[in-house]
Amino acid sequence: MASTANQRKAASGFRISRKALPYVLSLPALLVCIGILVPFLTAVVYSFQRYRLSQPWARQFNWGDNYINFMSDPGFWNTLKISLIYAGTTVTLELLLGLGIALLLQRRSTLNNFVSIMLLMPLMTAPALAALMWKLMTNPGFGILSYFAGLIGLQDFRWASSPDTALLTVVLVDIWVYTPFIMILLLAGLRSLPTQPFEAAALDGVPRTFVFFRITLPMLTPYILTATLFRLLDSIQQFDIIYAMTQGGPGDTLTVFQVEAYLNFFQSTNVGRSAALMVILWAITYFLSNVFIKHWLRLRERARGES
Amino acid sequence: METTSTFEKIFRGTALTLVVLFFMFPIFWIFLMSFQTNETILRIPPSVVFTPTFENYQALITGKLTSAAGTLDIAFMRNLGNSVFLSVASVAVALVLGVPAAYAFARHKFRGSEDIAFTLLSFRFAPPLLVLLPLTQYFQWLGLSDTYFGLIWVYQLICLPLILWIVRGYFEDISADVEYAYRIAGHSWFATFRKIALPLAGPGSPLPVCLPSSLPGTTLSSRWCLHRPTSSR
Amino acid sequence: MYEKEKDLIGAFLRGEVDRRGMLKGLGAMGITAGTAGTLFNMMSTNAHAADFDWKAHSGKSLKLLLNKHPYADAMIANLQTFKDLTGIEVTYDVFPEDVYFDKVTAALSSGSTEYDAFMTGAYMTWTYGPAGWITDLNEWIKDPAKTNPNYAWDDFLPGVKNSCAWNGTPGGVLGSEDAKQWCIPWGYEQNDLTYNRTMLDKIGGKVPGNLDELIETAGKASKDLGGPYGIGVRGSRSWATIHPGFLSGYANYGQKDLNVSADGKLSAAMNTAESRAFHAKWVQMIQESGPKDWSTYTWYQVGTDLGAGASAMMFDADILGYFMNGGTNKEAGNLAFASFAANPAATSATPNIWIWSLAMSNFSKDKDATWYFMQWASGAEHAIFGATKMDFVNPVRQSVWKDEIFRERLNKSYAGYVDMFDKSAPGASIKFTPQPLFFDVTTEWASTLQKMVAKEVPVDEGLDMLVQSIDTQLKEAGLG
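Protein chains in written order, with the working numbering: chain W, 1 to 307; chain L, 308 to 540; chain D, 541 to 1020.
Hints in this document: simulated from the structure, not taken from any laboratory. It is possible that part of the hints are untrue.
Unchecked claim - Calculated lysine-lysine pairs in the BS3-like style (CA-CA distance at most 25 Å, straight line): (1) L/Lys316 <-> W/Lys19; (2) D/Lys832 <-> D/Lys720; (3) D/Lys682 <-> D/Lys600; (4) D/Lys995 <-> W/Lys81; (5) D/Lys746 <-> D/Lys995; (6) D/Lys682 <-> W/Lys135; (7) W/Lys135 <-> D/Lys832; (8) D/Lys821 <-> D/Lys805.
To be verified - So, partial list: chain D residues that the calculated Cβ filter (under 7 Å) puts toward chain L: (9) Ser650; (10) Ser652; (11) Gly849; (12) Ala886.
What the hints assert, rightly or not - Anything over 12 Å on all C-beta distances counts as not near chain L; from chain W, calculated: (13) Ala58; (14) Gly153; (15) Asp156; (16) Thr165; (17) Phe213; (18) Asp234; (19) Phe265.
Just so it is clear, CB atoms sit at the ideal spot from N, CA and C, and this is done for glycine as well.
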């Protein structure tokens, strides 16, 4: 380690102007990511083409036809509906569950710290792998969960293979994998909250539900928003769990956006339709993230203004 | 400190037990399965009584799996090595690129800062398949397909925005005053960043580091990037 | 392989050993008359056409894209023979089946020159061919300067060979005069009945001879065996659910997937009265005695259930039964095979087939050298090696099926297998209409079956919806 004096000298010899500094700092990250725009734009162009790999001679611009066709395509509306239901259900449940667990583990203790680290294990499991684990456990013959279901009277519970319970099953797997993500973010948030307001409230004998809704929750909101944003945008794009468990079946029960687009590209080699589906999904995520970021920034501004 | 009633203690204990049970049982069960042969796994109804065997692990490590269809060559160890290398390298690169950028966004309100930050974040939310399709072709032309460089670069699209946005939050939570004081003492920006900002934000860093650790198992990789052969010669 | 044996035959041909000495020597090496005959024919043609230059491409190198499969294993085990024969260096990548075809699509659609030849199924060539990714192999097969005189293209089973040839016109007849040979059959699967003898004996059921008997026996097995279910068939939301037992039975009733009109327009054909009746029976069979989580079943679950004694029968690929009848499977040795004609009025079975084939990439940098590999890998010598020493079943060459060692080996441990083959092979071919929307049609068909089995839609209504949707898609693609 060089002495501080030396460093000071070296630094003054190579000084970046204060104005340029933030640009210099963020430029590498931006450059690394910007390359993605080329394939992105290419995909947008594909979405305006009639483009099947198996009929190269028929490839041509059909402009909005792929999108217009969606309007009259019940398959598309089903996809949109399922994707939104899936994202809505998983995020709501994970948020409630994650918040609950974070509150349980809020107090710093050896046990709580140990449990919070242990709970990260599902998150470290690759989603496709998690789906396989659950597939093994829900097998009607040797699956342990089917056995348990039988014990409590659900003799014929068919998990992912019945259209009635398929959504429930994949949502369960999603919850298992991703609740820890929300839990750990909110736990970090809870533990970083200033202690004064809580101490004051305790001294005044304010009811705990009031404290929770009037102090804890508002102060935690930026964290909740961040967690919701990341989860919502991931969840609406879910692929691994659903594809590994049912390939979008049974019937069309689980043909969410990415599963449908994947099958369209790799099996039907219908590039145009696949790209159009993805562009719509992208538009949805872009819109959602915009809304969230606006809120998030406003909240941060306010929080900083207060402190 | 708040007082806790007996009822609350019992409630907390039960809730915590249920949570641990739900999240740990699948891992425990698969762990048990890993010491069983196909025959005992496929028993109906399932049972926890079995003679543990290490042959599955042996097969993974030696790369020879003896099954009904004969002996299979599996390159598990090499694949595992690949995965570990890719995860570590991707996260390392993302940290090197992302932490300074996060610092810039947190400390300096500059022209277009929010736009740039948001643009970076939006890459994270583009559906992977959308960019994947053309990317495959471009990679083929550039000779980047199935190279570590190409894969690590693609992974940045997932890692970087995540690290950027989470770390940015940590920097914003640390009061800038400490840094100003240090800088007024005549230290350079870089020294301040290294000596003050980084160590203060440090405790939050395990989160973004461990989050993308399951990276090579995500959509991108399992369906495309890690289409690395199980064996080749 | 068979180097010693070939030396001996060679010595005979050169007049160094007399005929009796040769046969005695071969006997000592454990070669039966059948194999000896094949080898002898091969060697004597060799002697006549010794001028075929196997070393013409010596020093070049090729790269293959392979699916993890016993066929690939058999080839790899024998690869050194090819390298020694030609002096061509061969490298390869092997991928597991669940990502294999994605990898092929990714490599070919980007025009990658990395791979020279790859494994494929015939259905896939209906996409690859029109897309311009693979080469019509007639140019090589028919050129005596490029194909060795022993290759015996006529030796291939005609139904199998023709199933790999298509003129590229949507709805065109497979194996027509103007057809392009998109791939060379390597090994293939017929879809027939594999059953557990012990279980069928236990319930006193006879081997079902048609679909009605199958439904009855399967129902009895589900009820009386106390545990195992009656009949295994695939059910996942994929083309793979349609092509095995389902389409084989469907075709046996004379039903087709698509109609081709006089002017070449395609339309869906699943709403005939016979088709409705067949669908209704099939759905009933699964509801009554299929696996509980049928809608997730791929060949893997269908096979392992039978091998583990969780099911009594399956209507799927014969070679799947072959593999389940060996190794460490619980029911190994208990399985038997029968040719299965679903329609009581049909005289014989008409199995749809899956053909693992070899195709040549259009982006290959050296097609002549690639053809050297392909003709060797699909040649009689490698087929005999694979069939008798490895699990290279089912062979696509008639000569191998005549081989006594091979037949004996099958008869000894695979009850009814040879008989099943002899009965089914004449009617075995691809029963689909070749056209570029193959995967759209079959995926939707499978999805409709799932809805019917789950009782989300009645059979009739489901078929009407399917037909309507497929017709729309065909029109949209300019085919209908």
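Results of checking the hints against the structure:
no., hint, verdict
1, L/Lys316 <-> W/Lys19, "violated (55 Å)"
2, D/Lys832 <-> D/Lys720, "violated (43 Å)"
3, D/Lys682 <-> D/Lys600, "holds (23 Å)"
4, D/Lys995 <-> W/Lys81, "holds (21 Å)"
5, D/Lys746 <-> D/Lys995, "violated (30 Å)"
6, D/Lys682 <-> W/Lys135, "violated (50 Å)"
7, W/Lys135 <-> D/Lys832, "holds (14 Å)"
8, D/Lys821 <-> D/Lys805, "violated (30 Å)"
9, Ser650, "holds (4 Å)"
10, Ser652, "holds (5 Å)"
11, Gly849, "violated (9 Å)"
12, Ala886, "violated (33 Å)"
13, Ala58, "holds (19 Å)"
14, Gly153, "holds (15 Å)"
15, Asp156, "holds (15 Å)"
16, Thr165, "holds (18 Å)"
17, Phe213, "holds (16 Å)"
18, Asp234, "violated (8 Å)"
19, Phe265, "violated (6 Å)"
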